[in-house]
Each structure stands twice: as C-alpha cells, then as structure tokens.
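Participant: If you want the building blocks of each chain, they are given just below.
Number of protein chains: 2
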Amino acid sequence: MDLLAKGSVTGEGITRDELRLAARNHALPLEALRYPITPVGLHYLLTHFDIPVVDAGTYRLEVGGNVDQPLSLSMDDLRARERLTVPVTFECAGNGRALLEPRPVSMPWLTEAVGTAEWGGTPLKPLLDEAGVQANAIEVLFTGHDRGVEGGVAQTYERSLRLTDDAVEQALLVDEMNGAPLPPQHGFPLRLVVPGWYGMANVKWLARITLLAEPFDGYQNKVSYRMYDNDGVPGEPLHRMLPRSLMLPPGVPEYMTRRRHLAPGPVTLTGRAWSGRGPIELVEVSVDGGATFAAAELDEPLGPAAWRGWRFGWDASAGEHVLCPRATDAAGNVQPVEPIWNPKGYVNNAVQRLDVTVA
Amino acid sequence: MDLLAKGSVTGEGITRDELRLAARNHALPLEALRYPITPVGLHYLLTHFDIPVVDAGTYRLEVGGNVDQPLSLSMDDLRARERLTVPVTFECAGNGRALLEPRPVSMPWLTEAVGTAEWGGTPLKPLLDEAGVQANAIEVLFTGHDRGVEGGVAQTYERSLRLTDDAVEQALLVDEMNGAPLPPQHGFPLRLVVPGWYGMANVKWLARITLLAEPFDGYQNKVSYRMYDNDGVPGEPLHRMLPRSLMLPPGVPEYMTRRRHLAPGPVTLTGRAWSGRGPIELVEVSVDGGATFAAAELDEPLGPAAWRGWRFGWDASAGEHVLCPRATDAAGNVQPVEPIWNPKGYVNNAVQRLDVTVA
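Top to bottom, those sequences are chains A and B. Here the working numbering is used: the first residue of the first sequence is 832, the next is one more, and so on. Here the working numbering is used: the first residue of the second sequence is 832, the next is one more, and so on.
Same shape as in the complex, but just chain A (with noise of 0.2 Å):
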C-alpha cells in the first residue's frame, strides 16, 4: 500500500488540520519537568473530539453487561469507597510523531506528550468484585462522554482492556487530580487511569462499564491505537509505555527555536525517565549526539507508576552540542538512537535530541 499516494503520511510541511490539532492538544513545556508533579495546566492533554459538560450532581457510573448485580454509582457512593492517591505518569501513544519522516498526518506531536499527576480515587477491581464478573466475560469496556467522528465513523470514545491484563488490577477511577477535582479537561467528575499504559487507555468522562464476552470492536481498538505493520496491516492493540527520557533543558532558550544558550563551564544536566514495562534501571546522557552515552545518576523513586528524576554532571565546553538522555527499563526495553517509523507514527521513543550553544 502506497501510505502516501493514500494521504495517511506526508513529506511536507505541517497541515492546517494538523497546526489546528496542535493548539487545542497542549503539550508539557520542557522546563516543566522541573516539578515532580505536573502542576495542571502544564500535564499534556489530547481531547479527541470535545470536553463534555458533566453534571456532577446527577452522575451515575452504570456498570453493566456480563454480570451478576449491575451498579449505579453516583460521585458519593463512589467517594464513600476505599480511596487511593497514586503518582502516575502518562504519555500519549502518538508521542514522537511528528519526528518521523514521512511522517504520519494525526496529532502531531513532538516529544513532550507526558506528565506526572497525584491521581485520587478508588480501585476499578474491588467494584468489578461487587458486580460480580460473569464466567463469560472477556473484557471490560470504558465508554466516556464524549462524542464525535473519527476515521469516518460517528462513535463515543470507548476502550477496553482484557480482563486477562494485569491492568485491571491496578486501574483506578479517579476524581482528584492534584489534590483537587478533577480539571474539566481531564475527564471531570470520573476519569479511568491505568498506571503504565500509553494514555488512551485513561477513559475520561466516564459513562460506563460494560463486561464483554467478545473482544470489542470498536474505533478506538480496532483501528486507532494499534501498531500497524509497513503495509498499513493492524496488529496489536498498544498497551504499554517504551522507555523514554526527557532533560529539562539548561540554559535559557532563543524564542523561535528553542535552542539553548549557556555559559561554559560545569553544569548539572537533569530529567526524568519512566517505562511502562518496568521499573527505569538506567538513564544515560550522549553530548555528542547521540555518538557516546555515559550513566546519569537515579533519583529515588517517586512511586512504581511515576517517572524517575536523574542528573548528570556535564562540563559545557564552548562550542554546539547536541544532548540526548536514553533510558532502559528493568525488561531491557532501551531506547532507539534513531526513530523507528510506522505508519500511524505510535510510540516513538528516540532519543530526546537538545540543541545547545555554549558561548
């Protein structure tokens, strides 16, 4: 399949579409990597069609389909459960896109689609419990309020994870971010947050949940979100975060393209790096490029599901350089030097590459 002749990639400038999905998309601004929680309004946010209005004074969370009780929950019966706050960070599966080439017309994103909330709420299982799982059932469907047309097809956004993946273990329904309700961008009054996978998996504005006893067949995981094959051939479903590093940049920046300026001399490089296949066992820094790596040192660990801040002493010699840190996960996942394209441009985890003068 000719993917550019179809229109799906291009070897042009950025579009109008995609320029307008830019600025409704925020990203994290760098140097906000800076704080170990993401302050909102600085966590990257992707709304596939619009924020919904939901009243939080008449929502119910219906939980339906396979099973034995079905539920109606409203905000209080949900804030009367077992409460958990957990630091967890996500990215969006598209992160990177926009450094493939051809590259993949869709969000386009650079590398900064990531943040780290204080996510407040109760755990998905324990309320599955009490509806109690039908031996039939397969999957757990989420279906937000959130409602538009997407590849042609009218639909609400809606994902489901198999009840086989430990992600149903650890999923929680939240409704404070940060100590606070939840921001209407974020999925306020109820949101889905699965710790370790890519963000479309974190349903917001949380209608439903429905147990299926057939794999589900909808947009968003039939054929948004897979990996697809350099044919354009669907395979899995995505999941899990790669390993991936960002450095809060030194110096200060020009305006336009953000290439930084700093003095010479010594200069403690810092970041953070976060995997959803494991814990971040390494972080290490190239100042060439890419060329050589050498081992940034770990913070210690905010939490399992949270990104792991590190730092790395780095003699600034006067010149142009250009910085990349590379993380590794606990699993071995380490990231690529250079991008490894696909055709929906989903998880490209290369390596961070900062431009720096040092005058």
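Treat the hints with care, since some could be wrong.
Which copy is meant is left open, so a pair is good if it fits within one copy or across any two.
What the hints assert, rightly or not - Listed next, the in silico SDA-like pairs over lysine to any residue satisfying Cα-Cα at most 20 Å (straight line):
1. Lys1053 x Gly963
2. Lys956 x Gly895
3. Lys1053 x Met1087
4. Lys1053 x Asp1146
5. Lys1053 x Glu1085
6. Lys956 x Glu843
7. Lys1053 x Ala1125
8. Lys956 x Asn1173
9. Lys956 x Arg1142
10. Lys956 x Pro901
11. Lys1053 x Leu972
12. Lys956 x Val1098
13. Lys1053 x Asp1130
14. Lys956 x Val1168
15. Lys956 x Arg891
16. Lys1053 x Pro918
17. Lys956 x Arg993
18. Lys956 x Leu915
19. Lys956 x His1070
20. Lys956 x Glu1151
21. Lys1053 x Thr1159
22. Lys1053 x Ala1181
Please keep in mind that the hints were generated in silico from the structure rather than gathered at the bench.
Fit chain B to the supplied structure of chain A, relying on the hints for placement.
Facilitator: Only chain B this time, still in chain A's reference frame:
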C-alpha cells in the same frame, strides 16, 4: 524589502520550529468558550522564554527609577494592600497569524489565543503614587524574571507603558487567578494585568517596576509587538485589542479536521465577543461564509473588561455551511471578513470561519 526572501514569512507548510512553539504555547479549545470564566489549564498561554521558578517566600517587588521613594515589597506587603478581583479577557497580539498568507514565521496562532480569568490583586496606581513618580518620568517599565534570546538579543522580558496611557490607571498587580494563587505558567507569584490590552502588556513573574525619563527602547517595545508596514518598517507599539468574536462550535467534531457535524433543525449558536477599544455593541452571524450577516442577541455583560456572550437562532438546513461571527465595538471598530496582512502577523482579527456539515 523582500520579506519572503528574508525568511520572515513563508508560503509553505508549518515548520518544525513553529510546531515546537505551538506545542508549548497553549490555545483555548473552542468548546471552552462555554465557560464565562476560563478554567485554569484552558486559558491561552504564551511563554517567550522558560517559565521561571520564583520563590514567593523571599520574593520582593522592587519599584525604582525616577521615583521619590523606592519601594521593596514582599508578597505579604502586597496582599495587605487594597484588593480587587476583576474578570479580564485578553488575547495574544499574534492571534490569527497562521491564517495570513504568506505566513509570518513566529508562534502560529489560529484564532484561539484568548481566555478570561478572575484576576485578583491590587491596583498599580496607588503603589506608584506611594513611590512618588517624579515630574520627568514619562514611562513605567515592567520587568519579568524570564530570560532568553529573541531576535538575536539576550534579554529579560520587559515592556513599558506611557504614563499618559489610561492603562496605568486601570492596571492591576495580580497574585490570584480564579480565586487561587497564580499557577507557575501564569506568572507566579505576581504579574501585571492591563485590562483591554493585548497579552504582551501583562508581564508575568514581575521582578521590577522602573519609572523612566526616556522612552524604553528594549526589544519587546522597539522591535517586537509593533505594527510594521508592508515594507517591514516598524510603526507604533501595539496596545488595545481590536474586536473579535468566537463561536462555540455546534454539534460534534471530526477528530482530524475539526469540521462540525450536526442534525438539521433549529440550533442556538453561542459565542463570546470582546474589544479593548470599547464595549461590544453588536455581534452578527453569517451562515454563508461571510456573504450576509444578521444580528445576534447579546447576553448581560460580565464586566467592562471581559468578553460578552451572545446567542443566535439558526435553522440548520442539510448541506455544507461556513459560520462566521462578527463583532463591532462602541468605538466603531468592526472585524474584517478577510484578513489584513502585515509582516509580523499581528492583530489579524478577521472573522472566524467554522466549517459545518448538516446531515
């Protein structure tokens, strides 16, 4: 001067530099027009350099230059002064830039670089009176804590107002946004808000106020944020906002194109309109791409410096439509239907165009 050859404008697709700016600088998602006061995280955001870290505990606002009595004020000192909370709408002076052809190369805003917040703080004028502005002072300079390089010039962000501007009487030093301390990205712990002016006047992370006996000739007054003529010669510094109206998109969106889909029949179109040159007196809506307009009904004003809601009944017929709202202010300024080009891409307040499919 051939601006195209000079590389300051382009007829090509958006570049990676522009995309990087579009990622870190956030626009208002259009559906957030539904909120009279924009929730934190949905207000537009333009950060020239990096969001700086400022410690509120040791913070001092310095007031100096041509004054009888220099002041040095802590956050407690500032909070003990007269307090006001005012809803203020402001937008970026570059709002609309990316809709110009050829496109001036800078932050590629479409139409949504706007927001309205309840800004809480203390008026500027009594503080200047306390410091005692000397007779030879003609301008007041506001200097931020944010530093970087722009147009080849290493600088701290700073911009002045003329003491003869009524803006000086109306300006506020704010430490609260929507009833909470300023978020880091909006200028924590203290910023300037100048009601009615484009956002460049609202210096964030305020470090110093300096009374000047000569016109300020720093980059953001002398080179940036001036209206240039078509030969690239700088004119007056930008100041008060021209009128603009934006419509809350009806129906539901298509993910990629943001084209709206709705069913035939009566629908109430709503939106908000603002101007820094006078109260909004008229909003008209075109359902035929700007060929003909009819008056909308105005909501009660939120306040003299805030956008004004409007509503318009439309009997949507099957087919493709382009919807355009158009605002007129009490000073007689009317939004143009077609963009008015200028080399830096400032104040393009041509009417919004919303593509709608009714079926």
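Participant: Confirm or reject each hint.
Facilitator: Status of the hints after comparison with the structure:
Taking the shortest alpha-carbon separations for Lys1053 and Gly963, neither the intra-copy value of 27 Å nor the inter-copy value of 69 Å comes in at or below 20 Å. In this assembly of identical chains, Lys956 and Gly895 lie within 20 Å of each other by CA distance solely inside one copy; the values are 14 Å within and 61 Å between copies. Within a single copy, Lys1053 and Met1087 get their C-alpha atoms only as close as 39 Å, which misses the 20 Å cut-off; across copies the closest is 18 Å, which meets it. For a Cα distance limit of 20 Å, the shortest separation of Lys1053 from Asp1146 qualifies neither inside one copy, at 50 Å, nor across copies, at 37 Å.
Only between protomers do Lys1053 and Glu1085 lie at most 20 Å apart by alpha-carbon distance; the minimum there is 18 Å, versus 43 Å within a single protomer. For a Cα distance limit of 20 Å, the shortest separation of Lys956 from Glu843 qualifies neither inside one copy, at 47 Å, nor across copies, at 52 Å. With identical chains, the CA atoms of Lys1053 and Ala1125 are never at most 20 Å apart, being 41 Å at best within one copy and 45 Å at best between copies. Neither within a single protomer nor between protomers do Lys956 and Asn1173 lie at most 20 Å apart by alpha-carbon distance, with minima of 34 Å and 59 Å respectively.
Taking CA atoms no more than 20 Å apart as the test, Lys956 paired with Arg1142 passes in neither setting, with 37 Å inside one copy and 46 Å between copies. Proximity of Lys956 and Pro901 under a CA criterion of 20 Å is satisfied intra-copy only: 15 Å inside one chain copy versus 62 Å between copies. In the homo-oligomer, the alpha carbons of Lys1053 and Leu972 lie at most 20 Å apart inside one protomer (13 Å), although the nearest pairing across protomers, at 57 Å, exceeds that limit. Taking the shortest alpha-carbon separations for Lys956 and Val1098, neither the intra-copy value of 46 Å nor the inter-copy value of 42 Å comes in at or below 20 Å.
Proximity of Lys1053 to Asp1130 under the C-alpha cut-off of 20 Å is found in neither arrangement, the shortest distances being 39 Å within a copy and 45 Å between copies. In the homo-oligomer, the alpha carbons of Lys956 and Val1168 never lie at most 20 Å apart, since the shortest distance is 39 Å inside one protomer and 55 Å across protomers. In the homo-oligomer, the alpha carbons of Lys956 and Arg891 lie at most 20 Å apart inside one protomer (18 Å), although the nearest pairing across protomers, at 51 Å, exceeds that limit. For the identical chains of this complex, Lys1053 and Pro918 are neighbours neither inside a copy (30 Å) nor across copies (46 Å), given an alpha-carbon limit of 20 Å.
Taking identical chains as interchangeable, the C-alpha atoms of Lys956 and Arg993 lie at most 20 Å apart only when both belong to the same chain, with a minimum of 13 Å there against 63 Å between chains. For a Cα distance limit of 20 Å, the shortest separation of Lys956 from Leu915 inside one copy, 13 Å, qualifies, whereas the shortest one across copies, 48 Å, does not. Within a single copy, Lys956 and His1070 get their C-alpha atoms as close as 19 Å, which meets the 20 Å cut-off; across copies the closest is 56 Å, which misses it. In this assembly of identical chains, the alpha carbons of Lys956 and Glu1151 never lie at most 20 Å apart, being 52 Å within a copy and 47 Å across copies at closest.
Proximity of Lys1053 to Thr1159 under the C-alpha cut-off of 20 Å is found in neither arrangement, the shortest distances being 30 Å within a copy and 48 Å between copies. For a Cα distance limit of 20 Å, the shortest separation of Lys1053 from Ala1181 qualifies neither inside one copy, at 26 Å, nor across copies, at 41 Å.
In this structure, the hints that do not hold are numbers 1, 4, 6, 7, 8, 9, 12, 13, 14, 16, 20, 21 and 22, in rising order.
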